[in-house]
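Colleague: Residue numbering for the sequence shown follows UniProt numbering, beginning at 1 and increasing consecutively.
Don't read these hints as lab results, they were simulated from the structure. Computed from a predicted structure; not experimentally measured. Misleading hints may appear alongside valid ones.
[To be verified] DSSO-like mimics (lysine-lysine), calculated; alpha carbons at most 27 Å apart, straight line:
| no. | residue 1 | residue 2 |
| --- | --- | --- |
| 1 | LYS30 | LYS81 |
| 2 | LYS32 | LYS81 |
| 3 | LYS27 | LYS81 |
[As the list claims (entries may be wrong)] Listed next, with one range per pair, are the computed distances between beta-carbon atoms:
| no. | residue 1 | residue 2 | range |
| --- | --- | --- | --- |
| 4 | LEU46 | GLU88 | 15 to 25 Å |
| 5 | GLU11 | ASN55 | 37 to 47 Å |
| 6 | HIS86 | THR4 | 43 to 53 Å |
| 7 | HIS86 | PRO38 | 18 to 28 Å |
| 8 | PRO23 | LEU89 | 30 to 40 Å |
Just so you know, even glycine gets a beta-carbon here, dropped at the ideal spot from N, CA and C.
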Amino acid sequence: MVFTLGQGLWEFTFMPFRLCNSPVTFKRVKEKILHSIPPSICMVYLDNILLHTANSNNAFANLRQVLQQIASANLHLNPEKCHLFHHELIFLKHEQKNYPEIKYVL
């Protein structure tokens with residue numbers, strides 16, 4: 001977002017508070033950063049990034065790929081909010097478990 005105050009153009013370097021579409025804007029940023037990773041591996045939902053895989057070998061490779069994309073965009077993750085290597089997940093108040101094609105949720 002660029003705006004003017006009469007003394008030139010100004011631009012935010014972070015997401016200002018009270019933007020009505022900030023979650024959607026942030027989602028679009030993450031989708032643009034992770035566009036090269038197929039949805040069968042990584043899904044973006046608002047401020048969440050969901051990775052899933054069928055085996056542990058792919059889990060590390062997929063996680064590395066996503067973390068490299070995030071780091072190359074100069075974004076950071078909050079380690080306290082990261083949940084890795086779970087066999088089940090409660091997301092949007094729905095329990096996701098026992099899918100034969102998904103063994104690990106990162």
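Colleague: Take a quick look at whether LYS27 and LYS81 sit within 27 Å of each other, Cα to Cα.
Modeller: 17 Å, holds
Colleague: The hint says 30 to 40 Å between PRO23 and LEU89; measuring C-beta to C-beta, is that right?
Modeller: 20 Å, violated
Colleague: Decide if the proposed pair is consistent with the structure: LYS30 and LYS81, CA atoms, cutoff 27 Å inclusive.
Modeller: OK: LYS30 and LYS81 at ~16 Å, within 27 Å.
Colleague: Does the Cβ distance between LEU46 and GLU88 fall inside 15 to 25 Å?
Modeller: 21 Å, holds
Colleague: Assuming the hint says 37 to 47 Å, is it satisfied by the Cβ distance from GLU11 to ASN55 or not?
Modeller: 44 Å, holds
Colleague: That 18 to 28 Å hint for HIS86 and PRO38 (C-beta), does it hold up?
Modeller: 21 Å, holds
Colleague: Indicate whether the distance between the beta carbons of HIS86 and THR4 respects the range 43 to 53 Å.
Modeller: Given a distance of about 48 Å, which is inside 43 to 53 Å, the answer is holds.
Colleague: Take a quick look at whether LYS32 and LYS81 sit within 27 Å of each other, Cα to Cα.
Modeller: Cα-Cα ~22 Å, so holds.
Hint 8 from the list above is the single one not met by this structure.
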